[in-house]
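Guided by the hints, dock chain B onto chain A, whose structure is given.
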Amino acid sequence: MSVLRLRAERWVLVVTGCALAAFLILPLLALFATTTIPDFATGLGYSLVWPALRLSLLTTLTSLGLVLLFGTPLAWVLARAQSRLVRAIETAVQLPIVIPPAVAGVALLLAFGRRGMLTGRLYPQSWAAAFSTTAVVMAEVFVSAPFFVQAATSAFRRIDERLVIVARSFGATPLRVFFRLALPLAAPGLIAGAAMSWARALGEFGATLMFAGNLEGQTQTLPLAIYTALEIDLRAAQAISIVLVIVAFVLLLTVRAALSRAPKAGGPTP
Amino acid sequence: MNAPLALQVNIKARVGRLVLEVELETGPGPLIIIGPNGSGKTSLLSLILGVLPVESGYLQIGQNVILDTERGIDKPLEHRQLGYVPQDYALFPHLTVRENIAFAIASSKPQSMLPSSAQRVTELLSELSLSARGGQRIQTLSGGEKQRVALARALSVSPHALLLDEPLSALDVHSRREVRGFLAEYLQRLELPTLVVTHDAADAQQLGDRIAVLEDGRITQCGAWGELVARPATRFVEEFISSAMPPS
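Chains as they are written, first to last, in this note's numbering: chain A, 1 to 270; chain B, 1 to 248.
Do not rely on the hints blindly, as some may be mistaken.
Every beta carbon over 12 angstroms from chain B, so not counted as near; a handful from chain A, in silico [what the hints assert, rightly or not]:
id: 1; residue: W11
id: 2; residue: S47
id: 3; residue: V77
id: 4; residue: V93
id: 5; residue: A187
Here are the computed lysine to any residue pairs in the SDA-like style, where the Cα-Cα straight-line distance is at most 25 angstroms [said to hold, decoys possible]:
id: 6; chain 1: B; residue 1: K75; chain 2: B; residue 2: T42
id: 7; chain 1: B; residue 1: K75; chain 2: A; residue 2: W127
id: 8; chain 1: B; residue 1: K12; chain 2: B; residue 2: P36
id: 9; chain 1: B; residue 1: K75; chain 2: B; residue 2: G27
id: 10; chain 1: B; residue 1: K75; chain 2: A; residue 2: A81
id: 11; chain 1: B; residue 1: K75; chain 2: A; residue 2: F179
id: 12; chain 1: B; residue 1: K75; chain 2: B; residue 2: A6
id: 13; chain 1: B; residue 1: K12; chain 2: A; residue 2: I165
id: 14; chain 1: B; residue 1: K12; chain 2: B; residue 2: E55
id: 15; chain 1: B; residue 1: K12; chain 2: A; residue 2: F178
id: 16; chain 1: B; residue 1: K75; chain 2: A; residue 2: F178
id: 17; chain 1: B; residue 1: K75; chain 2: A; residue 2: L175
id: 18; chain 1: B; residue 1: K75; chain 2: A; residue 2: G171
I should point out that these hints are in silico values taken from the structure, not numbers from a laboratory.
Note that CB positions come from ideal geometry on N, CA and C, so glycine has one too.
So here's chain A without its partners, still in its complex pose:
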């Protein structure tokens, strides 16, 4: 085969791949290229921007805290248990990753809405969370927790089982093994999972709209503010979008940095 043909075939693969890369990158570049600093400042100056930013920070940090608090022990249990029941639970817990956000919204309404399955049985109707800030947090936890649990379960599974057996042979209790051994060893994977989970919560739109509504200052998060701003002034929608892209980019860098450390931290020490 001629050198020319080898080069040509290599270029076919490069050009084909680059076409998709360009399609993915160009819209993001357009966000930055089609604005000016004065337009960006004007966009950020709209009254709906800062309440939405404040609410997004408040709700996503709260949901992240809840996801870490409950998701870390869940991931540890999933990583260690062998039974079929646990495997089934693991699959069910990951389901919100693949179901459409609108379906998540309907499901949350049917479970926790004013006429929900659990309302009136587990708690009085006046406690129903739908269309409140609590509902925003619940929607964010529902859609973002599986990302963390999946990453954390993988990180815990990478821990050499012999480390745990040795620790137990010293008399280490399950909580001591969890806090002093599993958490530090899985830390890079947990950080990456937390960043992914937070990014998903920050971008949550469909489930929040259906379960919490779009009430300024109360349930209107940044993605919902973009949706609303499109009807007022594109500059506001664009400014919020740019803020979200920058945050997402920083989170992505965090994930990559954390994951690059993962194998060293979780592996055995021959």
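Frame of chain A, contents of chain B only:
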């Protein structure tokens, strides 16, 4: 150390397709377990640790019964008081040498006894010539040093018996010879019931006085190296011994 004098093992278990039926007893010193690959050597240690289920059996260290299926006794690993050093040592990579040992002591003792743990760590580091390495990360140690840290850590909790799985297999040929001499002398001095699993004839010859041969889940011969040489019970023993002999 006020060590118990014996470890009695009488275990029946199914591990995958292998049926293990092992009965043996160590004195106050090392008993070496040899056997071909897949004969159940490492599984035997896992059964003694309690991380694999037994069908029936009995385990006793000194006067302390840790397993008796007839009487419904099955102590969890945390209460078996066994020192365990796995094949790759399983040192905690996020901790320093000193912290590895302190972790073990803190896991075994109530919080009120912790002030004495720092002193115990220092004693052990000195005993195993590791004083200069206390603050170092595990990754910076040589193979021989890692082995000594794993031993110090296992002994720090005053175990009633010691289980070593291929203690020298992670070392290169040169350090293996060096560490083997140290380990043989140290284990004799400990006077602690010890099981050492190995596939290496030189290790088997030097690390203990008695050798048990495990084949296909059963002990086929048990005795001193000289007895195995004089009267090898199986073809495996014959081949194993000849691997230790210099070529004629």
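Going through the hints against the structure:
Look at W11 of chain A: its CB is around 43 angstroms from the nearest CB on chain B, clear of 12 angstroms, so calling it non-interface holds up. Remark: the non-interface label on S47 of chain A is consistent with the geometry, its nearest Cβ contact in chain B lying 49 angstroms away (cut-off 12 angstroms). Here V77 of chain A stays apart from chain B, with its beta-carbon at least about 18 angstroms from theirs, past the 12 angstroms limit. Against chain B, the non-interface label of V93 of chain A holds: every CB pair exceeds 12 angstroms, the least being about 27 angstroms.
Here A187 of chain A does not stay apart from chain B, with its beta-carbon only about 8 angstroms from theirs, under the 12 angstroms limit. Taken as a hint, the K75 of chain B and T42 of chain B pair is honoured in the structure, with Cα atoms around 20 angstroms apart against an allowance of 25 angstroms. With a CA separation close to 47 angstroms, the supplied pair K75 of chain B and W127 of chain A exceeds the 25 angstroms bound. Note on K12 of chain B and P36 of chain B: the hinted pairing holds, with a Cα-Cα distance of about 19 angstroms set against a maximum of 25 angstroms.
A threshold of 25 angstroms between alpha carbons decides the hint, and for K75 of chain B with G27 of chain B the separation of about 22 angstroms falls inside it, so the pair holds. At most 25 angstroms may separate the alpha-carbon atoms for a hinted pair to count; K75 of chain B and A81 of chain A meet this at roughly 20 angstroms. With a CA separation close to 24 angstroms, the supplied pair K75 of chain B and F179 of chain A stays within the 25 angstroms bound. Restraint check for K75 of chain B and A6 of chain B: satisfied, since their Cα atoms lie roughly 18 angstroms apart, inside the 25 angstroms limit.
Pair hint K12 of chain B plus I165 of chain A holds up; C-alpha atoms about 21 angstroms apart against a cutoff of 25 angstroms. Restraint check for K12 of chain B and E55 of chain B: the C-alpha separation of about 6 angstroms stays at or below 25 angstroms, so the hint holds. Proposed proximity of K12 of chain B and F178 of chain A is contradicted: the alpha carbons are some 32 angstroms apart, above 25 angstroms. Between K75 of chain B and F178 of chain A the CA atoms are separated by roughly 21 angstroms; this keeps the pair inside 25 angstroms, and the hint holds.
A distance of roughly 19 angstroms separates the Cα atoms of K75 of chain B and L175 of chain A; the hinted pair therefore holds under the 25 angstroms criterion. Proposed proximity of K75 of chain B and G171 of chain A is supported: the alpha carbons are some 12 angstroms apart, at most 25 angstroms.
Figure legend: structure checked against the earlier numbered hints; hints not met, in rising order: 5, 7 and 15.
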